[in-house]
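Undergrad: Using the sequences and the accompanying hints, generate a full structural model.
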Amino acid sequence: MKYTAPTKTGYFGEYGGKFVPEILIPAIEELEIAYEETQNDPVFQKEYHDLLQEYVGRPTKLTYANRLTEHYRRGKIYLKREDLCHTGAHKINNAIGQLLLARKMGKSRIIAETGAGQHGVATATACAKFGFDCVIYMGAEDMERQKLNVDRMQLLGAEVREVTSGSQTLKDATNEAIRDWVTNVDDTFYIIGSVVGPHPYPMMTRNFHRVIGEETKDQLKKEEGRLPNYLLACVGGGSNAIGFFYPFLEDEDVKMIGIEAAGLGADTDQTAATLTKGTRGVLHGSLSYLLQSDEGQIQLAHSISAGLDYPGIGPEHSYLYDTNRVHYFGVTDSEAMAAVKLLSIKEGIIPAIETAHALAYLDKLMPITQKDDIVVVNCSGRGDKDMKTISEWFSEQK
Amino acid sequence: MIAQKTRIQSLFENKSDDEKIMSLFISAGYPDLESTVELILGFEVNGAELIELGMPFSDPLADGPTIQYASNTAISNGITMSKIFEMVREVRKSSEIPLILMGYINPILKYGVERFCKEAGESGVDGLIIPDAPVEESSIISKTADEYNLNLIYLVAPNSTNERMRLVDQHSNGFVYCVSVTGVTGAREGEEVAKSVERFIDRVKSNVTKNPKLVGFGIKSYEDAKVISKEVDGFIVGSALIDAIRKEYPKKGWKDKVFSFVRKLKFGKA
Numbered sequence: 001m002k003y004t005a006p007t008k009t010g011y012f013g014e015y016g017g018k019f020v021p022e023i024l025i026p027a028i029e030e031l032e033i034a035y036e037e038t039q040n041d042p043v044f045q046k047e048y049h050d051l052l053q054e055y056v057g058r059p060t061k062l063t064y065a066n067r068l069t070e071h072y073r074r075g076k077i078y079l080k081r082e083d084l085c086h087t088g089a090h091k092i093n094n095a096i097g098q099l100l101l102a103r104k105m106g107k108s109r110i111i112a113e114t115g116a117g118q119h120g121v122a123t124a125t126a127c128a129k130f131g132f133d134c135v136i137y138m139g140a141e142d143m144e145r146q147k148l149n150v151d152r153m154q155l156l157g158a159e160v161r162e163v164t165s166g167s168q169t170l171k172d173a174t175n176e177a178i179r180d181w182v183t184n185v186d187d188t189f190y191i192i193g194s195v196v197g198p199h200p201y202p203m204m205t206r207n208f209h210r211v212i213g214e215e216t217k218d219q220l221k222k223e224e225g226r227l228p229n230y231l232l233a234c235v236g237g238g239s240n241a242i243g244f245f246y247p248f249l250e251d252e253d254v255k256m257i258g259i260e261a262a263g264l265g266a267d268t269d270q271t272a273a274t275l276t277k278g279t280r281g282v283l284h285g286s287l288s289y290l291l292q293s294d295e296g297q298i299q300l301a302h303s304i305s306a307g308l309d310y311p312g313i314g315p316e317h318s319y320l321y322d323t324n325r326v327h328y329f330g331v332t333d334s335e336a337m338a339a340v341k342l343l344s345i346k347e348g349i350i351p352a353i354e355t356a357h358a359l360a361y362l363d364k365l366m367p368i369t370q371k372d373d374i375v376v377v378n379c380s381g382r383g384d385k386d387m388k389t390i391s392e393w394f395s396e397q398k
Numbered sequence: 001m002i003a004q005k006t007r008i009q010s011l012f013e014n015k016s017d018d019e020k021i022m023s024l025f026i027s028a029g030y031p032d033l034e035s036t037v038e039l040i041l042g043f044e045v046n047g048a049e050l051i052e053l054g055m056p057f058s059d060p061l062a063d064g065p066t067i068q069y070a071s072n073t074a075i076s077n078g079i080t081m082s083k084i085f086e087m088v089r090e091v092r093k094s095s096e097i098p099l100i101l102m103g104y105i106n107p108i109l110k111y112g113v114e115r116f117c118k119e120a121g122e123s124g125v126d127g128l129i130i131p132d133a134p135v136e137e138s139s140i141i142s143k144t145a146d147e148y149n150l151n152l153i154y155l156v157a158p159n160s161t162n163e164r165m166r167l168v169d170q171h172s173n174g175f176v177y178c179v180s181v182t183g184v185t186g187a188r189e190g191e192e193v194a195k196s197v198e199r200f201i202d203r204v205k206s207n208v209t210k211n212p213k214l215v216g217f218g219i220k221s222y223e224d225a226k227v228i229s230k231e232v233d234g235f236i237v238g239s240a241l242i243d244a245i246r247k248e249y250p251k252k253g254w255k256d257k258v259f260s261f262v263r264k265l266k267f268g269k270a
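Chains as they are written, first to last, in my numbering: chain A, 1 to 398; chain B, 1 to 270.
Bear in mind the hints are in silico, worked out from the structure with no lab data behind them. C-beta: ideal position from N, C-alpha, C; glycine also. Honestly, I wouldn't trust all of these hints.
[Claimed, not checked] According to the in silico footprint, chain B covers these stretches of chain A (three or more CB under 8 Å from chain B):
1) 137 to 146
2) 254 to 263
3) 270 to 282
4) 295 to 305
[Stated by the list, open to error] Here are the simulated distance ranges between beta carbons:
5) A:108 - B:210: 57 to 63 Å
6) A:144 - B:19: 52 to 58 Å
7) B:14 - A:13: 43 to 49 Å
8) B:76 - A:105: 40 to 46 Å
9) A:293 - B:166: 51 to 57 Å
10) B:251 - A:294: 15 to 21 Å
11) A:29 - B:5: 30 to 36 Å
12) A:251 - B:166: 45 to 51 Å
13) A:36 - B:202: 17 to 23 Å
[To be verified] Quick partial rundown of chain B residues pointing at chain A, CB under 7 Å, derived from the structure:
14) 109
15) 112
16) 146
17) 157
TA: Laid out in structure tokens, this is it:
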């Protein structure tokens, strides 16, 4: 079936839209037009793809995980190595793309929000490369648990602004970034780090990440001569997952699984499992599923992973969830941490805790696979940034 | 069926040309649940002609620190949508002041658009301002709001194009809310506002022709209000009023101090 979402007005089924204050309407309209122009602009596309190749290091490898495969004794497991991107995660694909757009639109100042710090680092990196002023909003709690990334952003010349409102995590960093944008809309471009926010952001960010799935498709075709049976990715806002899934959406035999952070468990209050536990509502400019109280107040999410610690999810995921094209499950903090260890020991790859959520689901998925099935996990980021959390976790377990 | 005139529409119809309407914003449940009704009635006695009652939201992304603070306090105080409607009914026992509910779309969606509009209409609300539901997304509530005779009031900002202003004017009923500066809500230095507002107001006057116009964002004194609302129908004060409450609450006699601030805003003297 042909997949055409979103509509012209930015809807994926009933999700998406442009729920923003009037002040941002001109900015969003301007962005829509500029983005549309780049789609058919060979000069822009060439520059973007050259940067992906020569600066980001694409195409990233598709690694056969032979020891992990042996561990489960079922289908073959491949890893799409977004952890090998410059800066250590997929986020840079989008940061570079949006920065080129900002330059085309004549904006001089870049702002961004960050949770795990990977999007902040990617944005700071792109700004350094192109000589832009850069302000990153980051929750105070996240600055603590991702200190290494704070140091990296500062070294790259970005100003990191600590956000102390609300839960002091990604949600509140996003609020502050939007307030900055509302105030400085004339000269400022907001590089949103996930497939959230008002139209056209969810579509645009997806399209800057679709290269992940496109490469996977080509690489697997060369390696195995066919499509995968399963794709597996972690989902916070959902950018790595959508970039990975999108090029396969029309391939009906490819099953796709998105893994949310269940925190202490999807049946507890300490969770970030938005689709499993959430209801429909509007947060940060679009209609989607979100964690909220009976009064419609946004609830605090919890996950050991700062990058998944978000009470909302991209509208396209809500659509894919409702239509059953993608299936979504939760993985707890402790399951994810066990997967950090497993991948480190079996494959010599220390994954980001975000990524480890997807890997942890192999425990449930692999027993139902056949020997000749192929499972590809999007290895969305590397775990260096998480070493403090990882060390503390395993020393407490002893 | 011709919709009945709301109290907002009557207010502007009956006002003389040089009269300036003062609209005051207060978050429901701030500084405490008990005071909201008394504050509203007191604002009316002391010069307010229109009330915007804020429906607190956990993530008010168009608001500055002052209204964020008031919203958070109200939520901690246990404000709910049902309590807000109770407050409105209480006000209506003794007052016919035009009353608008102002807040973000999410709590409305969660409450249910139909249920929300019905209760709003029946309790005596006259209009709605939903800053994160611009004209593009208005269909989510506009028809239901009409059914219950609630005016939907949209905003224009200094960066709105002329064409956009005309579109907003078409969709608005009651009045058009003119945001005087690009930015979040919050009191500002008078000059910062006055400097840029003149050209904006000129454009508003030539493009917003169907509706009365109130100007808000950044107004903190009688002097600000006088300058900024010279060419329009009135002005809106929110953050500065909340700051005034925050300064006095819960000292003895805090309400009188706040009402005296309101008189100063309206008349230039207490």
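Undergrad: For every hint, state whether the structure bears it out.
TA: Hints versus structure:
no. : hint                      : in the structure
1   : 137 to 146                : violated (count 0)
2   : 254 to 263                : violated (count 0)
3   : 270 to 282                : holds (count 4)
4   : 295 to 305                : holds (count 4)
5   : A:108 - B:210: 57 to 63 Å : violated (38 Å)
6   : A:144 - B:19: 52 to 58 Å  : holds (55 Å)
7   : B:14 - A:13: 43 to 49 Å   : holds (47 Å)
8   : B:76 - A:105: 40 to 46 Å  : holds (41 Å)
9   : A:293 - B:166: 51 to 57 Å : violated (39 Å)
10  : B:251 - A:294: 15 to 21 Å : violated (35 Å)
11  : A:29 - B:5: 30 to 36 Å    : holds (34 Å)
12  : A:251 - B:166: 45 to 51 Å : holds (47 Å)
13  : A:36 - B:202: 17 to 23 Å  : violated (32 Å)
14  : 109                       : holds (6 Å)
15  : 112                       : violated (10 Å)
16  : 146                       : violated (20 Å)
17  : 157                       : holds (4 Å)
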